[in-house]
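What follows is each chain in one-letter form.
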Amino acid sequence: MSLSVTANDEGRRAGFAKRIAGFFRRYPEAFAALLILILCIGVGLLNPAFWQLANLFDILRGSVVRGLFALGVLMVLAAGGLDVSFSAIAALVMYAVTKAVTLFAPDTGMVLIFIMSAVGGALLGAINGVLVNALKAPSLIVTIGTQYAYRGFLLTFIGTALFMNIPPAMDHFGQWSLMSRTAENGFTVQLPGFVLVLAVAALATWAMLRFTLIGRAVYAVGGRPDIAERLGYRVSSVQLFVFAWAGMLAGVAGIIHVSSNRLANPFDLAGIELSVIAAVILGGARITGGSGSVLGTLLGVVLITLVSNVLILIGIPSAWQTAILGLFILSAGVFFVLQKRWS
Amino acid sequence: MNRQLDGQLGFLVGVNVLILAAALVFVGGSFVNLFNFQSMGAQVPELGLLSLGVMLAMISGNGGIDLSGIALANLSGVMAVLLVPLMVSPDAAPVAYTLSFAFVALVAGCLGGALNGLLIGYAGLTPIIATLGTQLLFTGIAVGLTGGSAETLGYIVPMDDFGNMPFWGVPLPFALFIAVASLLAVILRFAGFGKRLFLLGSNPTAAFFAGIPVRRMLFTTYMLAGVLASVAGFIIAARTSSVKWDYGTSYVLVAILVVVMAGVRPAGGYGRVICVVLSAIALQMLSSLFNFMSISNFFRDCAWGLLLLLFLASARIDLTPYRRVRS
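Going line by line, the protein sequences match chains A and B.
Count the first sequence with my numbering and you get residues 1 to 343, in order.
Count the second sequence with my numbering and you get residues 1 to 327, in order.
Where hints are given, some of them may not hold.
[To be verified] Okay, the calculated beta carbon distance ranges per label pair:
#, chain 1, residue 1, chain 2, residue 2, range
1, B, 16, A, 46, 39 to 49 Å
2, A, 270, B, 295, 14 to 24 Å
3, B, 39, A, 203, 19 to 29 Å
4, A, 316, B, 241, 48 to 58 Å
5, B, 122, A, 203, 37 to 47 Å
6, A, 17, B, 290, 30 to 40 Å
7, B, 21, A, 338, 50 to 60 Å
8, A, 46, B, 206, 24 to 34 Å
[Claimed, not checked] Covered stretches of chain A (chain B as the covering partner; in silico rule of three or more C-beta atoms under 8 Å from a C-beta of chain B):
#, segment
9, 59-73
10, 124-138
11, 281-295
12, 313-321
13, 326-332
It is worth saying that the hints were derived from the structure and are not from the lab.
Backbone N, C-alpha and C fix where the C-beta goes; we use that ideal spot for every residue, glycine too.
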């Protein structure tokens, strides 16, 4: 490029930046997809051991619980709120259900266990929704409160001991594998059946957001609550619905966590909140509400799982993962702000 | 306006008296002896300083919040522990070591706060996202630098004395906390910065058209919060003679609880330093009371969560008629 920049050049460059910004505005999912691509190519070049099916299985397995959480957070975020209590809901539900089933009805089938956990999670989520409506306070602050209340309740009144012998139905479910493959280092890696649960949950969330009235209401309320209210949407019921949905997914995620680890630890899942929110933000959902897609969220989740799984392959010690995650959130935030400013 | 303010202050004084009375009834003399007060007084500053940072962020409005406080406090401690021994030997010159420790910690806090300020003020990120990101970033850097383990300082006389030796019966961290809080109160009350901050928080659009430099104001506010966090980091290092990346993770919640209990409006534009100080003291006394009554830590977490919800509810009840009169 020549040193003197003519007005025409500048105009063309502005047009180019505008078109790029416009593209990402229309497809915010592309940001996460791009990062995944760069990461995969980079890691693959530095360490060819990356390219094997076993690794893909590992990443899918690692994405399920976080993915279920992220779908819930997406719903709440799209409706203009923020939820950080889902990990506590999952811990409470998984421990309470596992304990109850073991003590009272060890032969309960998996379907019933899932229904119990979904209902339990939805109820706890609904409490969040009611409180956010009633207190008229930022939902971040409200759900920080319920997070501590739920987890404190679990540890004080339900139990603190590990549960090693989980019900047989859950054990079988966790072991159920769709495919298995032996990796280069001799370990056999399986594609677990519970990946299907994430697929079903993602499809259901997508269909609900896209085709149902309540799904459209979620975006309307998240985008402009005042206008949505004037159009006749009941903001409080929408809020109740999204928090209940997030709670339901969290309950299911808790059961999957127990089944795949074959133990119920009430201290588990704490501290996962930020990485889940990071995944949703990276997937293109705006924190101010009214946007976000299921596809983008899933891409964000894969990206986060990728970061925590593969950095070790290229010699970055795991101690630096958190810092890189933070950088990712910040760069996503800055990227989406700039893109809005340019278009 | 004044009646509302005094109401909050009176309420907090009442809460403190109530907790003391409850302590006298349930625990008796061992709670109100000098030693217990000194140990409580040494613990309040960390929480209090972090809460003041959250308060500043909240006052600035626009969903302002600082979730990165404790992460930055720990990071500034870690930075100081790693950097200072390269310049000053702790055995040969303990006083110089302590001073440089404080200096490095403050610089780290300043830089971290400035990063928050840049992201929120100039780049225009939502405070939640920016401080979530920097919380992870600060924690991550602290983990990366230390490899995840605690770093001990060893016994450095002036620093240890500062943390653990009361002077005329007053723990020095507490004295420092009161000094910093008073300074902040004066700035908020009398300096132009304070007046502009409250205006900005109550109505950002009006503030912008009134010629208030919104970006610079946000930058300064979050940088100030970072400095407060690093003072907390120094006190933590002095008191415990060690630094660790995951010290006091529950302070994220508890600092917000303190601020909400102090009547700071989450929507911005209102908050008082003295209320935050009283509210931090009340929570510390309650926490010690739980300890004396040997109530489990888990129940304490549960109680903190419920208290936060309770105070959000009470703020809602108090403010409604007041708002109607004003508008």
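Would you list, in rising numerical order, the hints stated earlier that this structure does not obey?
1, 3, 4, 6, 8, 9
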